[in-house]
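Visitor: What follows is each chain in one-letter form.
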Amino acid sequence: MKVYTGGGDKGKTSLFSGERVPKHHIRIEAYGDLDELNSVLGAVSAYLPASEQAILEDFEGIQSNLFVAGAWLATTPDSSAISYLTSLPETVSKDLEMRIDALSAALPELKEFILPGGQPVAAWSHVARTVCRRCERRLTELIEASSEGNLQLAAIQVYLNRLSDYLFVLARYLNQVLGTADKTWKK
Amino acid sequence: MEPAGSVFSVSVLSRVWLNVETFELICTRPRGFHFLAGQYVSLVYQGEAREYTILSSPEAVELRFLIKQVVGGKLSTQLANIAPGSILEISKAKGYLTFRPTERPIFFVATGVGIAPFVAMAASGVRGFTLIHGARIESGLFYRQELAASVLRYIPCLSGLNVTGAELPDLYRGYVTEYLKTSLPPGLYDFYLCGSVAMIRDMTHLLDEHHPGVRIFSEAFS
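As you go down the protein sequences, you meet chains A and B in turn. Using my numbering, read the first sequence as starting at 1 and increasing by one per residue. Using my numbering, read the second sequence as starting at 1 and increasing by one per residue.
Hints listed in this document are in silico derivations from the structure and should not be mistaken for laboratory results. A hint or two may mislead.
[Claimed, not checked] Below 20 Å or equal to it, Euclidean Cα-Cα: the simulated SDA-like pairs (lysine to any residue) are:
#1 A:K10 <-> B:L206
#2 B:K92 <-> B:E51
#3 B:K74 <-> B:P101
#4 B:K92 <-> B:Q145
#5 B:K92 <-> A:F67
#6 B:K94 <-> A:K23
#7 B:K94 <-> A:A71
#8 A:K23 <-> A:T13
#9 B:K92 <-> A:L85
#10 A:K2 <-> B:E59
[Unchecked claim] To give an idea of the chain B side of the interface with chain A (calculated C-beta under 7 Å), a few residues:
#11 R15
#12 T204
#13 H205
#14 L206
#15 D208
#16 R215
#17 S222
Backbone N, C-alpha and C fix where the C-beta goes; we use that ideal spot for every residue, glycine too.
Extracted from the complex, chain A is given alone in its bound form (with noise of 0.2 Å):
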């Protein structure tokens, strides 16, 4: 099949839900930002070192759930493609949150600001960390704006929130892990 049809090339696209909207529609922008956020996690999966085998793990993981993501925003709520979607599984803010936890124990306790930077891999973790928390800015004023109480966005809501509290903290891990202390923020 093809990947190009041309249906796009006035403005405007097709969301899962059938739905035409122009490209810069709230869902587009949510869901795009989710794509970039999926991309720069795979500059940042690029970068890792071999060793880092559970850390490669959990991107594989993340990178697959941002896409279950992303169709849950390109669907329109009351629409019967929903039907066709997978959910996140239950677990996933509370996995992160042991990763985290995981990954904060081998760390310094933090008491100042930091300069995003250091090693390639751990400055692209800050870079994802930033695209994330634009994702779920996008993801509130989506919710907000269609009024929609639905609870796989609010899922993704927290998942958002602590994938970007993930890429923090492995941006630290990163940097330690390579032998670069954190830079902190001199006022």
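Start from chain A and add chain B according to the hints.
Guide: The following block gives chain B in isolation, referenced to the frame of chain A:
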């Protein structure tokens, strides 16, 4: 989760020609192979691969594929001559041109072998749709009889010059896009499109322009 690269082996049972260039290939259904009506697979034979929509209903015991023999097309030519008992490989089912139940009037628009997903949907129990099927000549209007019990209305569109088909009820002489441009009253509809890139593009733009509020689901083939 199933591995992305999972493949299944199927055995060719028979081949039925529908016109001089188009045939149906009937294969065994492998154990553990699941699909939704309207999905397609990547079909592989002797190193050549191409995607074909499954004609069968998801409950069927056999897998049927609608194949146009393309001039110079390696795989379609091989399949046109393949012997029963030959083994092919298929991927897991893919694609999102699957039916979403709706209260809206439903239009299925197909050109040529793009009819395949709609045959599968009808076989799976979808009813009450308007089917607009475009072909150059009458022999390209496959499955008219098979779909008669499922359609609310069937609009054949023949685009070839000086072609027969005068006896077809509701025959429109021209392209499917031209038919819709002149014949579709304003309203909220669900459209399913399957056919060439040009048809999908033109139909989508036409609906965007003249029928805001429609929902469109589409799949284009090369």
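Visitor: For each hint, tell me whether it holds in the structure or not.
Guide: Against the structure, the hints come out as follows:
1. Between K10 of chain A and L206 of chain B, the direct Cα distance comes to roughly 11 Å. Compliance with the 20 Å bound is thereby established for this hinted pair.
2. Note on K92 of chain B and E51 of chain B: the hinted pairing holds, with a Cα-Cα distance of about 11 Å set against a maximum of 20 Å.
3. For the hint pairing K74 of chain B with P101 of chain B, the CA-to-CA distance comes to about 38 Å; that exceeds 20 Å, so the pair is violated.
4. For the given pair, K92 of chain B sits about 30 Å from Q145 of chain B by alpha-carbon distance, which is inconsistent with the 20 Å threshold.
5. A C-alpha spacing of about 18 Å is found between K92 of chain B and F67 of chain A, which places the hinted pair at or below 20 Å, so the restraint holds.
6. Using a Cα cut-off of 20 Å, the hinted pair K94 of chain B and K23 of chain A is violated, with the two alpha carbons roughly 25 Å apart.
7. With a CA separation close to 15 Å, the supplied pair K94 of chain B and A71 of chain A stays within the 20 Å bound.
8. Among the hinted pairs, K23 of chain A with T13 of chain A is consistent with the structure: their alpha-carbon atoms are about 6 Å apart, no more than 20 Å.
9. Pair hint K92 of chain B plus L85 of chain A holds up; C-alpha atoms about 18 Å apart against a cutoff of 20 Å.
10. With a C-alpha separation of about 27 Å, the suggested pairing of K2 of chain A with E59 of chain B is violated against the 20 Å cut-off.
11. For R15 of chain B, the shortest C-beta to C-beta distance to chain A is roughly 23 Å, which exceeds 7 Å, and the interface hint is violated.
12. With a cut of 7 Å, the hint placing T204 of chain B at the interface with chain A holds, because the nearest CB-to-CB distance is about 4 Å.
13. For H205 of chain B, the interface hint holds, since its Cβ comes within 7 Å of a Cβ in chain A; the closest pair sits about 6 Å apart.
14. With a cut of 7 Å, the hint placing L206 of chain B at the interface with chain A is violated, because the nearest CB-to-CB distance is about 11 Å.
15. Interface restraint check: D208 of chain B against chain A, minimum CB-CB distance 5 Å, threshold 7 Å, status holds.
16. At a threshold of 7 Å, the smallest CB-CB gap from R215 of chain B to chain A is about 3 Å, leaving the interface hint in force.
17. Here the hint on S222 of chain B is kept, as its CB sits about 5 Å from the closest CB of chain A, short of 7 Å.
Violated hints for the displayed structure, listed by number in ascending order: 3, 4, 6, 10, 11, 14.
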